[in-house]
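Visitor: Given next are the chains, with one letter for each unit.
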Amino acid sequence: MAARRARRGGKKHGKTNLTPLFIGVGVVLVLAIIMGSGLFKKGTGARTADPTPNFRISDYRRDGSRFASTGNLYVFDGRIENIETIGNDRIVCISLPDRDNLQERLPLLVPGNRRLSINLTRGDRFLFETTCTTGKTADGKQVKGVLVVKNAKTR
Amino acid sequence: MKTSQITTALLVSITTGIATAQMPTNTQPAQATGGGAPLPTGFDASGSSVKPQQQDPAHQGETPNPQLLGMELPLLDPSTDTVKYNGGMFDVGNNAAVRARFEKYLQQVPDDSSESKRYRAIIKDILKQTQRAGRDQRYAVGNEVLIHVGKALYQADKYPGDGGQSGTLASSIVSALDSQRQRLQRLRENKELEHDMQELIREADRWQNSSVHRKTAISAGANNSPKKGGGAVDNGGDTNTLRIAHHVKSAAKLEAAQASNTAANEAAAVAAKINYQSVLVTMLMSRRFDHVVIGARVYRHIFREGDTKLDLNEDSKAFELFSGGMGLPPTINTLDTLASNARRDVDQAIQSVHGMLARNKLGEATQGLIQAVAIGEFMQSVATFPTEARQRIARYWTLRKRALTALNARDYATVEDVAAKMKEMDVDFDDSLLLSFTTGKKRQSDLAIRNARKALQAGDEEKFNQYIQEAGTIWPRNPNLDKGVEMIAKYDEGDSVKEEFRNLYKGGEFRKIARDRERFKIVAIDPSLAKQYEEAITLVMKMDGMLQQIKTVADQDATMGPCMAYEKILEWQKEDPRYAEDKEMVLAQKDFESRAHDFVQALRDAENSEKRSEYGSALSCYYRAQCIYPHSAQAAAGIKRVMSIIVQATYE
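For the record, the sequence lines run as chains R and X. Using my numbering, read the first sequence as starting at 1 and increasing by one per residue. Using my numbering, read the second sequence as starting at 1001 and increasing by one per residue.
Extracted from the complex, chain X is given alone in its bound form (with noise of 0.2 angstroms):
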């Protein structure tokens, strides 16, 4: 027996309302299937939810069976945990009927009022009195048993948690009851009808006999003597033809009433065989395992010709499936396997979730919890789980549901954090599909960013946007788009900002354009700019690391560090106008000029005196400068200029 597809097919009935969609009445697989939008059951490679798989176009618009049991029944596929039905694919632990039923289950208390006690009492005592018939003929289900078995489930059905099914079960065992005590009594008057019957033709038959003896009397009396007496055999001749038509055309009246009895009597066996395993099926797809168990071991003293075949369309699945592939008729016994394997897989489910949450194992433990609620909810080990078991697998599930939330959103960051909770949660959570997934994804969203980047650099912004949506697509919450919107925010005031940077730039303002650099750098997607801004910010780089040098060197001497760096500004200066203009470096040849005044003062003079030409006081400061600074290169140009000068000249 494929016991893993009954189990999936129970599984999906929780969500399908596929029991309800089996009835004969119902002939309308969309409303089996929820009748609404399929459900996102998952998430490819790229990201995106899987849809269920539309439906063959093969098969489009063809009507479902809607025979008993006729539909397709779900399959399970091991591998991806997926079940199919009826054209489409679900996700067992991500359904969202199967999630909400499971949700509802953990926030649950446990079941242990006395009413379900009691319940649960009637209901093994049942099991126990139709098990022990089972096994021993002599304690064979009779009508003791029958009447105790029905009072008990009629006891059973005011517990609320039964769900009515108890009165349901023993609403058909009195239907088929009736059914088959009318059958009796259709027998008896089948009885009794022959009996009239034979009275009939024997009455018949002897008048035929008389007729026919007296006839012969007659033709022979007439022949040798005259009979004396016997008138009224004589006046009785036409009257015993008369009263055998009579009797022949009664006979023929009962033997149509025993034939329609007869007919009568077949029609009510198979509809109250139908009507029975309809019922015993129905709460098997519910998962009233209990009921199936009472329901199949009292159908055999019901219905006791023996025939235990259950009426399924031979050409469905539904038959190959319950009849196990062998090729032989289900029954009703094939009912009772399943739901005793079910009722014994959810013991053992429990027991294996008790196990691995003693081991931490709540990955493992949630799963089995899911399977066996999904097939035993109602069961006692079920019902009973305690609620500190509950409440460490609903964090583990909720964190769960987070990941596959997250997932779904496509938040990445969050997918790792939830991940990473799951993983202290439970020893044996693998995240690293989880993980090189997001990190994949992170760094596909990434690298759009970065082209996008460059495409907004380039001035493309046709591109950019194309970039910015794939990035967005593949990560929304990447935190680099916001830098890809104020990029473009940028780029929008991108008019004004150069407007105000070619003023700067004109007024030699570098060091402004170097303290807003980054405001400035939209400029740069204009290649007519980018080399000015290169231009402001490489001399402004520059500027600062020789004053910074220039800074390190005149403090390590006192005296020839300040005229050094005052005369080598100066000299900078000379080589390049801007770094006269240069705010900084104008204050750093201040400071120096306090810091070097003789030496400053005495080159002054020297030019305020050649100007004046007074050239030997010229030469006299500029060798007071050259002695206070020795490797002042003013001092030694100014003092080869003036000597040549008194060298030319005449004196009296």
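Just chain R, with the same shape it has in the complex (with noise of 0.2 angstroms):
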């Protein structure tokens, strides 16, 4: 309607009623711009936007245990390799394409539990966000380094 009323106002009297239209437009789109970003930012966690930089496989086999700090969230941005179904939990194998030999393998385990909003399917890649936990088995043996997927999505 403010358009219409700029047009029509063009028309007759010149520049008179534009400047009220353009604050507002503008103050429209930075609350859009800050509003979208910050629903993102909801969705995703603040820091898996982006796959986690300088992870190298490689350095998981070596040391997992070292990726197990408290919140340490991960993301890879994988092609399903594998998955093995275990009761209700899932071990999903996948390489890192863009970033790391083709014959390394990183282990994903995704819980029963864990209900993700896509299907996983191999040959398919996904964004995955993990953390790197230790868990523990029933008879108290500790299971270190083990990559627990909370969310994935594709890409």
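In case anyone wonders, no lab produced these hints; they're calculated from the structure. Keep in mind that this is a model prediction, so the values were computed, not measured. Just so it is clear, CB atoms sit at the ideal spot from N, CA and C, and this is done for glycine as well. Some hints could be false.
To be verified - A few chain R positions that, by computed beta-carbon distances, are all more than 12 angstroms from chain X:
id, residue
1, Thr-19
2, Val-143
3, Thr-154
Claimed, not checked - As a list, the in silico PhoX-like pairs of lysine-lysine whose alpha-carbon atoms are at most 25 angstroms apart:
id, chain 1, residue 1, chain 2, residue 2
4, X, Lys-1574, X, Lys-1506
5, R, Lys-136, X, Lys-1640
6, X, Lys-1521, X, Lys-1483
7, R, Lys-136, X, Lys-1611
8, X, Lys-1521, X, Lys-1463
9, X, Lys-1454, X, Lys-1498
10, R, Lys-150, X, Lys-1640
11, X, Lys-1401, X, Lys-1104
12, X, Lys-1611, R, Lys-141
13, X, Lys-1442, X, Lys-1421
14, X, Lys-1423, X, Lys-1441
15, X, Lys-1590, X, Lys-1568
16, X, Lys-1421, X, Lys-1361
17, X, Lys-1401, X, Lys-1441
18, X, Lys-1640, R, Lys-141
Unchecked claim - Heads up, incomplete: computed chain R residues facing chain X, CB under 7 angstroms, no partners named:
id, residue
19, Gly-64
20, Thr-85
21, Cys-93
22, Asp-139
23, Gln-142
24, Lys-144
25, Val-146
Please dock the two separately framed chains into a single complex, following the hints provided.
Guide: Here it is in structure tokens:
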């Protein structure tokens, strides 16, 4: 409506009514950008928007528990090479085509209680948001440096 | 006439000295046969040398007939080329004395000297003279011929090759002639004695008649008238009686002398004949056939009474031999015929030998020459036999001798070698029987060695020795006997070897056992160690086979091949710990380990991570190993195991 008024005013009166309109539009845009940015951060986590830099599977193979600091989140852009389902849990084996040797594999645990919004299929690439944690078996045995999938999205 | 038997008799006379044995003065048959030990004459089926047959026990202790030609003469068995003489068997071709004589002949140079030619010319001339005299009565051997023959014989006697035979014959002729002259002298004496005796008888008769007449006259005068004169007769009546008695006595003496001369003549005639005949027989046995012919022809002149019968014991085989089985008494003509036949046979044999040599039939030529030499060594055709032909036969003869010697020594390999050479030289040489014999013997010996080996393997040393001895007896130079000796040597040192074997087996050094398997084979005699020995050898062979197979497969894929091989070797070593101790297997494992470094490293990292409970890392390592070698069983097992652990855990 403002635009229509602006066009009519431009024909009849020149520049007199345009400034408030631009201001309004700019405010709306700024708010939209701010809100959009806030919404994205709310859905995927603030630090997992991009794959974790400088991660090498070979490093992980040598010492996985090194990555198991509390609150440490890792995002991988990986292609699923293999999926093993054991009970309710799944272990997804991915490669990192853009980043690592193709003969390197990174195993990710997808616990049965973790509901993902997408279906994981072999050969497809996803963005996996994981945490490196240490588990414990029923007999008290530690299971160090396991990457547990928190979320996954298509690229 | 049994010519072959006569020939054989002559042959054997070379070796046995029978010629001298048959002289009237020789009464020792053992000496006649040489007096030595019987010679080996051949070989029976078992390869043993054939000894001369023992004298028949029934005839042991009997003294051979010592009379002239009274001994048993040799008899030839043509089927075996052997001669039976005085109870013994002799192989003419394999008799040491015959061999020596023949070899000497082969090495001699043909006798073509001027002396030899002159000698043969003289003999030929004598034969011609006596032959012509024999054919034509007009040329009957008379005193002139005898004188010529005698002179010629004494000339021939000067030649060394004559051996004094001509002189002997000449002396015999002279002796016989002297005997005949003495006989004639005694006959003449007898005639004179007869004449004297008749004179005495006539005179005595006259005196007797005279006495009787006077007595009658006296008696009549006494009755009618007294006689006038006649005093001497009166006085001589008694004197005549004495004279008559003396004449009668003298006539008796003359008659006795006459009878003595007659007896002496008969005895001298018999002695002269026997002496002459014995010389001829001796010459026949000495193979001086020319002299026999000459002597026989001259005989008829010397002993003109026509009795040519040989003085032989009618019960002797010599009598039967010379009479030809016809029952007729042997005569001087028999000797003449035998000698003539022998001369002809020898000449024909020499001609035959030349023919055989021209056709490369060395075997038959050799046999023919042996017989020719044995019969007529002193004949011209034999003595002048060419050098080149002798050398060819000598080469063949040497091979034949080597074959016999090798056969006698049971050296069958040499026998076969020599037989092959003889076959090359003689187109007709048949070696089939010889080779069959040697092959059979060799197999028998090898079979005995095989049995010995089995006996040793069974630990039966006594039987081993028995079989080895048997093998050595059959074929002393069997090369496999050396193996038997080695076997028993090993057997003797078996105790130390067993100890060494036990130590190696205990230490798992199967490959060392396999490397020295021949040396350690001896321990298999011990049943308790046989199984271990077999196990060690089998295991090493199996490992070698496996390694060979896996290396072949690994070389086909440079990436996954070494991974596969490495993992397979580890798998084998887990299945059988002995594989892990085998050096070859360990070396192969290290080789594949270096060639599959990434794969091996991934597996090791996985194991180490598992040990540290870094199951995430371990799983990643196993996956990496699986990426390198997708068929890895270790990786698959590790993945499965680690996954199971991961999903069992709870995570905050």
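Visitor: For each hint, tell me whether it holds in the structure or not.
Guide: Taking the hints in turn, this is what the structure says about them:
For Thr-19/R, the condition that its CB be more than 12 angstroms from all CB atoms of chain X holds, with the nearest at approximately 57 angstroms. In this structure Val-143/R is not separated from chain X by more than 12 angstroms, as the shortest Cβ-Cβ distance comes to only about 4 angstroms. With a minimum CB-CB distance of about 23 angstroms to chain X, Thr-154/R clears the 12 angstroms threshold, and the non-interface call stands. At roughly 20 angstroms between alpha-carbon atoms, Lys-1574/X and Lys-1506/X fall within 25 angstroms of each other, so this suggested pair holds.
For the proposed pair Lys-136/R and Lys-1640/X, the alpha carbon gap of about 18 angstroms is at most 25 angstroms, so the pair holds. In summary, the hint linking Lys-1521/X to Lys-1483/X is supported, as the alpha carbons are separated by about 14 angstroms, within the 25 angstroms threshold. Using a Cα cut-off of 25 angstroms, the hinted pair Lys-136/R and Lys-1611/X holds, with the two alpha carbons roughly 15 angstroms apart. Using a Cα cut-off of 25 angstroms, the hinted pair Lys-1521/X and Lys-1463/X holds, with the two alpha carbons roughly 19 angstroms apart.
Note on Lys-1454/X and Lys-1498/X: the hinted pairing holds, with a Cα-Cα distance of about 19 angstroms set against a maximum of 25 angstroms. For the suggested pair Lys-150/R and Lys-1640/X, the alpha carbons sit about 23 angstroms apart, so the restraint of at most 25 angstroms is met. Proximity of Lys-1401/X to Lys-1104/X is assessed by CA-CA distance (about 14 angstroms); at most 25 angstroms being required, the pair is judged to hold. Between Lys-1611/X and Lys-141/R the alpha-carbon distance is near 12 angstroms, which keeps this suggested pair within the 25 angstroms criterion.
The suggested pairing of Lys-1442/X with Lys-1421/X holds, with an alpha-carbon distance near 20 angstroms, which does not exceed 25 angstroms. About 21 angstroms separates the Cα atoms of Lys-1423/X and Lys-1441/X, which keeps this hinted pair within 25 angstroms; it holds. Restraint check for Lys-1590/X and Lys-1568/X: satisfied, since their Cα atoms lie roughly 13 angstroms apart, inside the 25 angstroms limit. About 14 angstroms separates the Cα atoms of Lys-1421/X and Lys-1361/X, which keeps this hinted pair within 25 angstroms; it holds.
For the suggested pair Lys-1401/X and Lys-1441/X, the alpha carbons sit about 20 angstroms apart, so the restraint of at most 25 angstroms is met. With a C-alpha separation of about 18 angstroms, the suggested pair Lys-1640/X and Lys-141/R falls inside the 25 angstroms cut-off, and the hint holds. The criterion of a C-beta within 7 angstroms of any C-beta in chain X is met by Gly-64/R, whose closest approach is roughly 4 angstroms, and the hint holds. A distance limit of 7 angstroms between C-beta atoms decides the matter here; for Thr-85/R the minimum to chain X is near 10 angstroms, and the interface restraint is violated.
The restraint placing Cys-93/R at the interface with chain X holds, with a minimum CB-CB distance near 6 angstroms, inside the 7 angstroms limit. About 9 angstroms separates the beta-carbon of Asp-139/R from the nearest beta-carbon of chain X, more than 7 angstroms, and the hint is not met. Against a cut-off of 7 angstroms between C-beta atoms, the interface hint on Gln-142/R holds, since the closest Cβ of chain X lies about 5 angstroms away. Evaluation of the Lys-144/R hint against chain X yields a held restraint, the C-beta minimum of about 5 angstroms falling below 7 angstroms.
Evaluation of the Val-146/R hint against chain X yields a held restraint, the C-beta minimum of about 4 angstroms falling below 7 angstroms.
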